[in-house]
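K.L.:
Residue-level listing of the chains:
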Amino acid sequence: MRRYSAFAIAREAVRYHQGWERAWRSPAPRPAYEVVVVGAGGHGLATAYYLARNHGITDVAVLEKGWLGGGNTGRNTTIIRSNYLQDPSAAIYEKARSLYETMSRDLNMNVMFSPRGVLMLAQTEHEKRGYLRTAHANRLQGVATEFIGPERVKELVPIINVSGPRYPVLGALWQPRGGTARHDAVAWAYARACSAMGIDIIQRCEVTGITQERGRVTGVETTRGHIGAKKLAIVVAGHSGVLAEMAGFRLPIESVALQALVSEPIKPAIDVVVMANTVHGYMSQSDKGELVIGGGADGYNNYTQRGSFHHIEETVRALVETFPIISRLRMMRQWGGIVDMTGDRSPILSKTPLEGCYINAGWGTGGFKSIPGSGWAMAELVAKDAPGPLAAPFGLERFREGRFIDESVAAGVAH
Amino acid sequence: MLLLECPYCGVMADETELAPGGEAHIARRGPEASEEEFAAYLFERKNPRGVHFERWRHAAGCGKWFHAARDTVTLEVFATYSAQTLAPPEEVLAAIRRKRPGWEGWP
Ligand SMILES: Cc1cc2nc3c(=O)[nH]c(=O)nc-3n(C[C@H](O)[C@H](O)[C@H](O)COP(=O)(O)OP(=O)(O)OC[C@H]3O[C@@H](n4cnc5c(N)ncnc54)[C@H](O)[C@@H]3O)c2cc1C
Ligand SMILES: [Zn+2]
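For the record, the sequence lines run as chains A and B.
Mapping the first sequence onto the working numbering, position 99 (from 1) lands on 100, and the numbers just tick up by one.
Mapping the second sequence onto the working numbering, position 41 (from 1) lands on 309, and the numbers just tick up by one.
What the hints contain is simulated information worked out from the structure, not anything from laboratory work.
We put the CB at the ideal spot given by N, CA and C, even for glycine.
All the given hints hold, so there is nothing to weed out.
Chain B stretches covered by chain A per the calculated footprint, using a threshold of three residues with CB under 8 Å from any CB of chain A: (1) 281 to 288; (2) 308 to 322; (3) 337 to 347.
Taking lysine to aspartate or glutamate and the DMTMM-like style, the derived pairs with C-alpha atoms no more than 25 Å apart in a straight line are: (4) B:K367 x A:E246; (5) B:K314 x A:D407; (6) B:K314 x A:E246; (7) B:K314 x A:E356; (8) B:K314 x A:E214; (9) A:K352 x A:D60; (10) A:K352 x B:E303; (11) B:K314 x A:E222; (12) B:K314 x A:E398; (13) A:K66 x B:D339; (14) A:K352 x B:E312; (15) A:K352 x B:E305.
Pairwise CB distance ranges (calculated): (16) A:R167 x B:R368: 43 to 51 Å; (17) A:R318 x B:Y276: 27 to 35 Å; (18) A:R167 x B:E285: 19 to 27 Å; (19) B:R296 x A:G216: 26 to 34 Å.
Could you build the full structure based on these sequences and the hints that come with them?
P.N.:
This is the structure in structure tokens:
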């Protein structure tokens, strides 16, 4: 792999950019691998990357039915934060956030991590008490957050209306080192680093069945033939239920559509991420100037990658009330992704009833922020056939044991 | 936009008038159930890509719970029917098979 650098740009500038090589190889699948990862979203690619980097396992293939990063990884609104309530969540989300801080350097690609700060508005007394509690929990967990008053909110976000008639801003939970990153670049950076270490990323290769012998996984059927695997990691977000059915078990997961939209580009107007969970909307401004907007998820099972219009209407209504200056902006694009929701709004990193088969799912509306931490923990689980401290609390058995990791408040609005 | 006909009051209701209630026909487990069975009853879901039987409430209408058979990929609605059944009635299964020959999603 030729490294990207300022020098490389200068060198290529004087030779008409003829010298750039492809960022990753596109090999034909080999008959078998030690580990097969299904799903080349951020989580699948990060899992493969840390299998190689932390555990020396490079006989790995990542199979993707579409193109890499074309699932939720390329559809999300890129909010990164770690201000969750429960200790196991804080641990894995903060691990992820801290890995984002050095990701561009570690992977030698600019992922445009921008720790611009994330504000979660408190707009009811109840919500305010909830965030005060989260701020205290975060302090004990070593996650830097702070509860700030409405004056400070107004200072940080001059375009906000803090004294709206319905839901005045009573304060906010502020995480100054939260922010955003370029979603595609995160997938590309992991893919490029994986490929350089000898991992095969195989796109347009849909897994259609899982083969097993005496309760142990032996490989996968795909649109490009059978591929053997000693170990199988299912990392397919919204399609987890479909893959679980192939493997012969069920999950405590339901798939629903979550939407986002962007406005026409405008001059810099807001340089932090604002989330308003009570009214169901959140907004940040991309480097291109578009306002990136998201809101609530559909309430019913859906695999269409579209979503219902009334959610867009509700989201935009809420945000116009919060940021009156956006009322005349035109919205340019709208899209949806299929998110995998668990009952406690926490992910699943787990062994499964099928031996040698592991699952990483249930990140729901909030798994972009966790990509590096999730890949790190999943790689350890797959490599050692046992979860490390980050993954251990997130096993499937927590449902049977009633040991939920309740993040329904912290997860709040879809993000 | 999803439209479902309420089988009780006959209104063709827009989804904003309805409250989704998740998978239908989940057999309730009693106190004699094993831990696994009870956990499956509480948490595990089919979450199918395709035909799905689900519960809905005509929340902003007559207020009653009913059932719907719907495709989660095409959003096509095959039928809505009474909630007073433990399994989808034969005519609902027939309506699905007419449009999805060879479908074997039930039970
Ligand atoms: C609109 C929207 C906004 C969001 N906003 C945020 C946010 O601001 N912050 C945040 O942290 N999170 C956010 N999320 C959530 C986040 O995007 C997801 O939790 C995360 O991207 C899941 O990552 P992934 O890599 O596991 O999934 P994906 O990127 O979806 O990857 C899964 C891959 O598996 C592939 N696949 C599926 N079935 C098969 C098969 N049979 N064979 C082969 N491949 C298969 C898919 O094609 C896909 O590429 C948002 C999501 C959406 C939809
Ligand atoms: Zn009715």
